[in-house]
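Generate coordinates for the entire structure from the input sequences, incorporating the hints supplied.
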Amino acid sequence: MIVPLDEGVRELVGDGDTVALEGFTHLIPVAAGHEIIRQGRRDLTLVRMTPDIVYDQLIGAGCAARLVFSWGGNPGVGSLHRFRDAIQHGWPRPLEIEEHSHAGMANRYVAGASGLPFAVLRGYAGTDLVGQTETIKTVECPFTGEHLAAVPALNPDVTIVHAQRADRAGNVQLWGITGIQKEAVLAAQRSLVTVEEVVDELKPVAGQVILPARVVSAVAEVPGGSRPSYAHGYYARDNSAYQDWDAVSRDRERFAEWLENEVGAQAPLPGKAG
Amino acid sequence: MIVPLDEGVRELVGDGDTVALEGFTHLIPVAAGHEIIRQGRRDLTLVRMTPDIVYDQLIGAGCAARLVFSWGGNPGVGSLHRFRDAIQHGWPRPLEIEEHSHAGMANRYVAGASGLPFAVLRGYAGTDLVGQTETIKTVECPFTGEHLAAVPALNPDVTIVHAQRADRAGNVQLWGITGIQKEAVLAAQRSLVTVEEVVDELKPVAGQVILPARVVSAVAEVPGGSRPSYAHGYYARDNSAYQDWDAVSRDRERFAEWLENEVGAQAPLPGKAG
Amino acid sequence: MTTATGYTSDEMMTVAAAHALTSEMACFVGIGLPSTAANLACRTHAPGLWMIYESGTLGTRPDTLPLSIGDGVLAETADTVVSVPEVFNYWLQPGRIDVGFLGAAQIDRYANINTTVIGDYADPKVRLPGAGGAPEIAASCREVVVIVRQNTRAFVERVDFVTSLGHGGGPGDRERLGLRGFGPTRVITDLGVLKPDPATRELTLVQLHPGVTVEDARAATGWDLAVSPELATTPEPTAEELSVLRSLTGRG
Amino acid sequence: MTTATGYTSDEMMTVAAAHALTSEMACFVGIGLPSTAANLACRTHAPGLWMIYESGTLGTRPDTLPLSIGDGVLAETADTVVSVPEVFNYWLQPGRIDVGFLGAAQIDRYANINTTVIGDYADPKVRLPGAGGAPEIAASCREVVVIVRQNTRAFVERVDFVTSLGHGGGPGDRERLGLRGFGPTRVITDLGVLKPDPATRELTLVQLHPGVTVEDARAATGWDLAVSPELATTPEPTAEELSVLRSLTGRG
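If you read the protein sequences in the order shown, they are chains A, B, C and D.
According to our numbering, the first sequence holds residues 663 to 936 in order.
According to our numbering, the second sequence holds residues 663 to 936 in order.
According to our numbering, the third sequence holds residues -8 to 243 in order.
According to our numbering, the fourth sequence holds residues -8 to 243 in order.
Don't read these hints as lab results, they were simulated from the structure.
Each hint should be verified, as a subset may be incorrect.
[Said to hold, decoys possible] Stretch by stretch, here's where chain A covers chain B in the computed footprint (C-beta under 8 Å, at least three residues):
{"#": "1", "region": "779 to 786"}
{"#": "2", "region": "856 to 869"}
[As the list claims (entries may be wrong)] As a list, the in silico DSSO-like pairs of lysine-lysine whose alpha-carbon atoms are at most 30 Å apart:
{"#": "3", "chain 1": "B", "residue 1": "Lys799", "chain 2": "A", "residue 2": "Lys799"}
{"#": "4", "chain 1": "B", "residue 1": "Lys865", "chain 2": "A", "residue 2": "Lys865"}
{"#": "5", "chain 1": "C", "residue 1": "Lys116", "chain 2": "B", "residue 2": "Lys799"}
{"#": "6", "chain 1": "D", "residue 1": "Lys116", "chain 2": "A", "residue 2": "Lys799"}
Note that beta-carbon positions come from the ideal geometry of N, C-alpha and C, so glycine has one too.
Here you go:
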């Protein structure tokens, strides 16, 4: 249940898997993302509502073949340049995208967590997302005849999240902004949770979400595992790291250096642009 | 915002309204139910997942024309005899019923709270509820073709719940088993919350649900307002009162006496059986 | 009624039901007899049993037997308490629960369950509480265990109302309806244990409690009860089981 | 750029945007310029403003301006923090929110908003972050206020991609699609304020900030900009507004 991070990633994440690393600004599983890069996983379908710099890094390192998302940016700073380079120039390899709104993605995870094939929402009407995204359809209310948007369930092969604490049995506790993490874990076949600390007993905290051990495949103790994101009650967001990423990521060579120095991974061989 | 109970009920509950008093065993708004009886409301459509003795009392007192529910019993004791008398003998007046399962009712409130006309679930398949309940239909998944159950949203005219605390601005805090209360309040046009106490500041409690003042029409301070049900952190369930209800409710005359002595309301004139 | 060997038939039934549970399982627990049996299992051979109640208490471990499905003790001792929609949508519906423990007012040859009405729905002889969580527990748990006292009022050829689907009219019915759980795998009564025949899905007597005869069981059943050629006898409750059970029910 | 009167055009824009909000409103706040304006309103004329962010923080009142949509200070100062599905399903979708405050990369004559791509979707010139919460904020809030710097790159005849629907192609389009909110009621720029014409829904210049001319506004607009016959001039920011704004943005 409690494993080292490298072992957890090795056992749970395979080439070609659909992988969701979730965290809505808060508690982003950055260390786990770097471990995926180090292990050289390829052809992943990466899923996330708000792909930010760790997804920029995974994409830049060539791990991803596909991205399912609703907002891809560097929060408070601007665009993701590795993501842009992949979309605009196919570097280091082409990246397919499947694009939704937040409301749609959130409901896709809810359907996945609920064992339903789809979710219904008021969404997308009149937007060009409908024409670009095959996973947006309509459904008719059998009572009122009204037409509503339908989106298919998301059921990742593996979801990875970061949390404040777990106990030795693998029950996980997180609080603060808890985003979509519960649904992302419940929707997945397997799950890996990195935590700030493993404790004997989970003392109740207001606003907590508990992920019972039954739905957690493995826990890895990784203090600081969400830096430069933050862990409520443990450390603050490193806003300057997000700002600094802008310059690093704009340039392929600076990115390659960063990858080698900070993650300990080789830069990807440039693939052919699609 | 903070009003006496009788004023809150008078302003928010009218004859013929659809009224949900929710509470899943815990925090049942019993005092508010008795106030509805005292004010002599008639022709109500009563909605509740688990109508228990306070609904037995409302039905016996002749307030209800219709009941929408999923389990009507005296928890841990047995059946509801006023409910039975209304169904089996139309006393004191006939009671129409619309019957669901818990999963269906819960999802109907969720749809109501979400501003959707219906909800989708895996439910009812193969049961005789489908043939007796017009508000169960099927819907086809536009992605997989699978058929699932659909139920229409519940949007009561008014929802009444009991909670531990409110602040002076009308923000409400409840904890322990919080059931379906949030959804029932969010689904309603209006809402009344009785609370154990009004406080200056809502100190955070683990497991709390907060109902922001914006979605609460009125708060009434009614200490003990959910007895003989319980209020986590305030008082325990009076199991013997539930057991005693069985004998009181089996007999129309004993019920009439109870109504006069305990609620201060006249016994209903017997209506015509349907 | 206490038998010669010092336990009642209800106690025998509860102990036998507890034996359907193991320490690794997640169990969706109905109130009443199912709750007593699950709590007994927890305190004897299945300490790891993960109990959930429809009030939203997950992984609860009450130190006293709850009278209602939403007693405070269930919340206080739970791993976590979730909302009612969440317990049905996120926990029950996706098939995360191994076994659903249900009671019944009527049960039929194919283990269909009635807790709604005796007689006609529109003009019932007896109006019962209704469905509660049972239809979806019966649909979505990997398997269902039913605990019910055996007599001809309860064991009927055809239930007056199908509140919760068992095996419908026989093989293939559940699959045709898209139900994912297997349905009732055993019915535990005060007389013995019945299981659906693997081929016909008809409830078949596979086990008798000590001192009960096949004739007793047949006489208590409203259809021509099939009996397994390998009919076994239930082991008697152990002294520990009885002692734990009685401390739970306050009949110590 | 600081004007002669001692404030920048961005400051004028932010103050003008804050004036769209009142103390009684619930406001769904986007990050960046919208967040700055909403927080300014909260600290000046609209102390009761109920701000919600898509991270699930309801009724938040941050004491410093958040850099991201999910900063810790948003959670610490909120009435309550809910999950992301809940903020969209229970709070935004049913129409509980009075005003949505959005930014834009491109906006067109009918206030349709693009934050997805410049150029062709399949082979974009510039790939932008995408939709986030904006499509449903634009659909479900009672009204929408857009805050965007006015220039011909941003103010285009037709957006390259409709990320969030404004008034579509004119009157009746939103109603036909079943959208419940009115859509954009004003667009606040660094030059002035535009509102949809009540009849045509075309964005019309109704207000100019001090020192800006109609010609400036026309030159910054990629279509033939309609100008209201009752064109007004925005009041200058007060000293208090500027002082609060600068303490928020750290440009004090």
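(message) Between the region 856 to 869 of chain B and chain A, are there enough contacts, at least three residues with CB-CB distance under 8 Å, for the coverage claim to hold?
(response) Since 4 is at least three, the answer is holds.
(message) Holds or violated: Lys799/B and Lys799/A, Cα atoms, limit 30 Å.
(response) Cα-Cα ~20 Å, so holds.
(request) Could you grab the alpha-carbon distance between Lys865/B and Lys865/A and see if it respects the 30 Å cut-off? (result) Judged against 30 Å, a Cα distance of about 17 Å means the pair holds.
(message) Between the alpha carbons of Lys116/D and Lys799/A, is the straight-line distance 30 Å or under?
(response) Roughly 28 Å separates the two Cα atoms, so the pair holds.
(message) Between the alpha carbons of Lys116/C and Lys799/B, is the straight-line distance 30 Å or under?
(response) Roughly 28 Å separates the two Cα atoms, so the pair holds.
(message) Count the residues of the region 779 to 786 of chain B whose Cβ falls closer than 8 Å to any Cβ of chain A, and tell me whether that reaches three.
(response) holds (count 6)
No hint from the list above goes unmet by this structure.
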